[in-house]
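Asker: Chain by chain, the residues:
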Amino acid sequence: MATKPTSSSTPAKKATQTPRQAPPKTRTGVAGPNRWDYAPAPESTSIVQLRDRYDHFIGGEWVKPASKKYFTTVSPSTLKPLAEVAEGTAKDVDKAVRAARAAFENDWSKRSGAERGRFLFRIARILQERAREFAVLESMDGGKPIKESRDVDVPLAAAHFFYYAGWADKLEYAFPGQKVRPLGVAGQVIPWNFPLMMLAWKVAPALAAGNTVVLKPAETTPLTALLFCEVLEQAGLPAGVVNIVTGDGVAGAAVVSHPDVDKVAFTGSTAVGKQIARAVAGTDKKVTLELGGKAANIVFDDAPLDQAVEGIVNGIYFNQGHVCCAGSRLFVQESAYDAVIAKLKRRMETLRIGDPLDKNTDVGAINSKAQLERITALVGAGVEEGAEIWQPSCELPKKGYYFRPTVFTGVSQSHRIAQEEIFGPVLSVLTFRTPAEAIEKANNTPYGLSAGVWTEKGSRILSMVSKLKAGVVWANTFNRFDPTSPFGGFQESGYGREGGLQGLAPYLHVEKG
Amino acid sequence: MATAPKKTTAARPTAKRLGVPKTYKLYIGGKFPRSESGRSYELLDAKDAFLANVSQASRKDARDAVQAARKAVSGWSKATAYNRGQVLYRIAEVLDGRRTQFIDELVAAGSTARAAEAEVDAAIATWVFHAGFADKYSQVIGSTNPVAAPYFNFSLPEPTGVVAVIAPQQAGFSLRGLAATLAPILVSGNSAVVVASELNPLSAISFAEVLATSDVPGGVVNVLTGFVDELAPGLAKHMDVNAIDLAGVEDDTLATALEVDAAENLKRVVRPRTFAARHTGDLAEITRFTELKTVWHPIGV
Numbered sequence: 023m024a025t026k027p028t029s030s031s032t033p034a035k036k037a038t039q040t041p042r043q044a045p046p047k048t049r050t051g052v053a054g055p056n057r058w059d060y061a062p063a064p065e066s067t068s069i070v071q072l073r074d075r076y077d078h079f080i081g082g083e084w085v086k087p088a089s090k091k092y093f094t095t096v097s098p099s100t101l102k103p104l105a106e107v108a109e110g111t112a113k114d115v116d117k118a119v120r121a122a123r124a125a126f127e128n129d130w131s132k133r134s135g136a137e138r139g140r141f142l143f144r145i146a147r148i149l150q151e152r153a154r155e156f157a158v159l160e161s162m163d164g165g166k167p168i169k170e171s172r173d174v175d176v177p178l179a180a181a182h183f184f185y186y187a188g189w190a191d192k193l194e195y196a197f198p199g200q201k202v203r204p205l206g207v208a209g210q211v212i213p214w215n216f217p218l219m220m221l222a223w224k225v226a227p228a229l230a231a232g233n234t235v236v237l238k239p240a241e242t243t244p245l246t247a248l249l250f251c252e253v254l255e256q257a258g259l260p261a262g263v264v265n266i267v268t269g270d271g272v273a274g275a276a277v278v279s280h281p282d283v284d285k286v287a288f289t290g291s292t293a294v295g296k297q298i299a300r301a302v303a304g305t306d307k308k309v310t311l312e313l314g315g316k317a318a319n320i321v322f323d324d325a326p327l328d329q330a331v332e333g334i335v336n337g338i339y340f341n342q343g344h345v346c347c348a349g350s351r352l353f354v355q356e357s358a359y360d361a362v363i364a365k366l367k368r369r370m371e372t373l374r375i376g377d378p379l380d381k382n383t384d385v386g387a388i389n390s391k392a393q394l395e396r397i398t399a400l401v402g403a404g405v406e407e408g409a410e411i412w413q414p415s416c417e418l419p420k421k422g423y424y425f426r427p428t429v430f431t432g433v434s435q436s437h438r439i440a441q442e443e444i445f446g447p448v449l450s451v452l453t454f455r456t457p458a459e460a461i462e463k464a465n466n467t468p469y470g471l472s473a474g475v476w477t478e479k480g481s482r483i484l485s486m487v488s489k490l491k492a493g494v495v496w497a498n499t500f501n502r503f504d505p506t507s508p509f510g511g512f513q514e515s516g517y518g519r520e521g522g523l524q525g526l527a528p529y530l531h532v533e534k535g
Numbered sequence: 051m052a053t054a055p056k057k058t059t060a061a062r063p064t065a066k067r068l069g070v071p072k073t074y075k076l077y078i079g080g081k082f083p084r085s086e087s088g089r090s091y092e093l094l095d096a097k098d099a100f101l102a103n104v105s106q107a108s109r110k111d112a113r114d115a116v117q118a119a120r121k122a123v124s125g126w127s128k129a130t131a132y133n134r135g136q137v138l139y140r141i142a143e144v145l146d147g148r149r150t151q152f153i154d155e156l157v158a159a160g161s162t163a164r165a166a167e168a169e170v171d172a173a174i175a176t177w178v179f180h181a182g183f184a185d186k187y188s189q190v191i192g193s194t195n196p197v198a199a200p201y202f203n204f205s206l207p208e209p210t211g212v213v214a215v216i217a218p219q220q221a222g223f224s225l226r227g228l229a230a231t232l233a234p235i236l237v238s239g240n241s242a243v244v245v246a247s248e249l250n251p252l253s254a255i256s257f258a259e260v261l262a263t264s265d266v267p268g269g270v271v272n273v274l275t276g277f278v279d280e281l282a283p284g285l286a287k288h289m290d291v292n293a294i295d296l297a298g299v300e301d302d303t304l305a306t307a308l309e310v311d312a313a314e315n316l317k318r319v320v321r322p323r324t325f326a327a328r329h330t331g332d333l334a335e336i337t338r339f340t341e342l343k344t345v346w347h348p349i350g351v
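Each protein sequence line maps, in turn, to chains A and B. Position 303, counted from 1, in the first sequence is what our numbering calls 325; the numbers after and before it change by one each time, with no gaps. Position 280, counted from 1, in the second sequence is what our numbering calls 330; the numbers after and before it change by one each time, with no gaps.
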């Protein structure tokens, strides 16, 4: 065989591998002097071109806020200001609703479903084309790991538009024997944990069904929604079909209570969800609420424990635990308790916490100072009430809002950390002996958003699934999302579904044909 | 074919015979108790003559009814769809067998014979429609979802739980309105606490007798007679009620107040103003009292 240097890739690859150091033999996955550290792998932020100041996006134009006031959105990891954003008030919201109404009456409701679909397809494609830009900006503004914005948030947002694009001209297939028509103007208020993805979950079905939109992104994460306005412009979406008003709860309340809004869609806390339910009382507004949760993740002793531990970690530490459906209550069958806890702690020692823009980061920054304070307070309550706290020995960045992934053992059902939604990387571990006990404890909450079951026994999975009060049940997996899969809760986790065929109904009048 | 009105009037008690009038009581947990409060209100017929003393349920009776409904819902929701369908069909059968009685009762309360017949027949039709929907609605509403990863994913509707119903008030709806609101609640496995029409409550109590003899487990439907403004707030606030149908709330201010109360535990609320636009057969009639559950499982070896 010839040995002359060639461009053949095989020897070249080998050559680059040789000088590389072998992994330390003592690597155990536990912290210590021989820990295998990762070199920094930061994603460049140069792809993102932010303006200094953003106005509202109303009627296809950038409109200055009536209050003339702006607030600063800050990166929770660097604490550096990113941009100034318009502070919305009822006046701005009114302007946006008028624009949405006009667009509904004069344009959007007159277009065929096929045409509406084409706009949505275009939006999906442009989001894919500009995916990197959106992923980087999402991590800058919200603190979530780039790995997650890049692989979960942005692709799912694009997929959501692609999915609902295809429904726009097939609504009659979704409700056989029924007649459907759009509602009009949808007022949508979204949270800070999945800013672009939540926008997609709200905007895509609304437009597919033939409604126009006024959307208020969260106060701490408005930037991807504002960048999305550029996508709308590139897609050529008619002016006023989607309007974006930024601001805090004042703007959100104005969206919900505006008399010319026909449909309210909200994702956020249960407390605010109840305020909204009261605010719309006596009106004709249709409402969907996707609220808090305190999901039970139930592990039986016959479960594949290594996979279960991955699921537990993904369930509660994904997105720093800022997930309404996070598996925040872990129920382990007593006979598997020691093994599960040992594996869990070992796995948690390998979690990499730090710079959201580093491609190796598993757990990024807590979204805001207020949220960090809330997590800290609830963890304090857990310690005070007598639960046993454990945290991995990882180092946290000196700057920015960070919280160590936390496990509480010895938790009882009455503890606040077993009852209240923490919305942070904090897991409460409880135990059970029988399936009946697991169900009783799992359902002992006013929430009902999601749940997890881990067992190799199929009949037990189906039995548990049918008894758990939860809108989404993950069996031998956790925290999976897909545009075709309806999402939403039972009880005080809200009402209505987002995603899937069933996610169209909240945006339509459906009646007997 | 409609029965001649003559025949129905012939079945009314004649003056010669001293009749045995019925005591109209509540229906809670499969039993017919009087109100624990010992109260009743007088009901007059169209000519202002005494018709009956109707139990005036208290807030305590309403709480008892919720308790009975909660107890019954676990069994009813777990019954097979085929079984629920047969029980609903049994309701239609027993109602049909007592058709004349219901027509007479409606006529005595002021309905014309023709309207009474139409109302009873509409109620029977509604129960038959839903009897045949019990093992189909989930196939219409549910789905398997083609997710973009190796998972099997499906969505199925489940009953919401305990539903409070303020039954339609207007004449011509005392029995028909009861069927229209109740059947879609029962078909998916919910249990119900019904506040009967205030001015036309008799058919509701007679209908409870139908339920009691139709294999509907005790507590699945509970019927209260009394005053809406007294009973509805307690039901709207009750933390163990999952949904409330305000069909028969005619006062807008009260309806708004009830909706505000219902927000405390995020009850699913059906507003009264929509009642005129509701039709048996609207999918929403069923889905508004169901919760969709989506299940994921990996596909592997």
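No lab work stands behind these hints: they were computed from the structure. Treat the hints with care, as some may be off.
[Said to hold, decoys possible] Below, simulated DSS-like cross-link-like pairs (lysine-lysine); rule was C-alpha separation at most 30 Å, straight line:
1. A/381 with A/420
2. A/463 with B/66
3. B/287 with A/479
4. B/81 with A/201
5. A/534 with A/365
6. A/534 with A/367
7. A/91 with A/117
8. A/489 with B/66
9. B/110 with A/296
10. A/534 with B/186
11. A/391 with A/421
12. B/128 with A/463
Quantities reported herein were computed from a predicted structural model and do not represent experimental measurements.
Asker: Against each hint, give a clear statement of whether it holds in the structure.
Answerer: For each hint, the structure was consulted:
no., hint, in the structure
1, A/381 with A/420, "holds, 19 Å"
2, A/463 with B/66, "violated, 65 Å"
3, B/287 with A/479, "violated, 41 Å"
4, B/81 with A/201, "violated, 42 Å"
5, A/534 with A/365, "violated, 55 Å"
6, A/534 with A/367, "violated, 55 Å"
7, A/91 with A/117, "holds, 16 Å"
8, A/489 with B/66, "violated, 59 Å"
9, B/110 with A/296, "holds, 26 Å"
10, A/534 with B/186, "holds, 16 Å"
11, A/391 with A/421, "holds, 12 Å"
12, B/128 with A/463, "holds, 20 Å"
Taken one by one, the earlier hints fail for this structure at numbers 2, 3, 4, 5, 6, 8, listed in ascending order.
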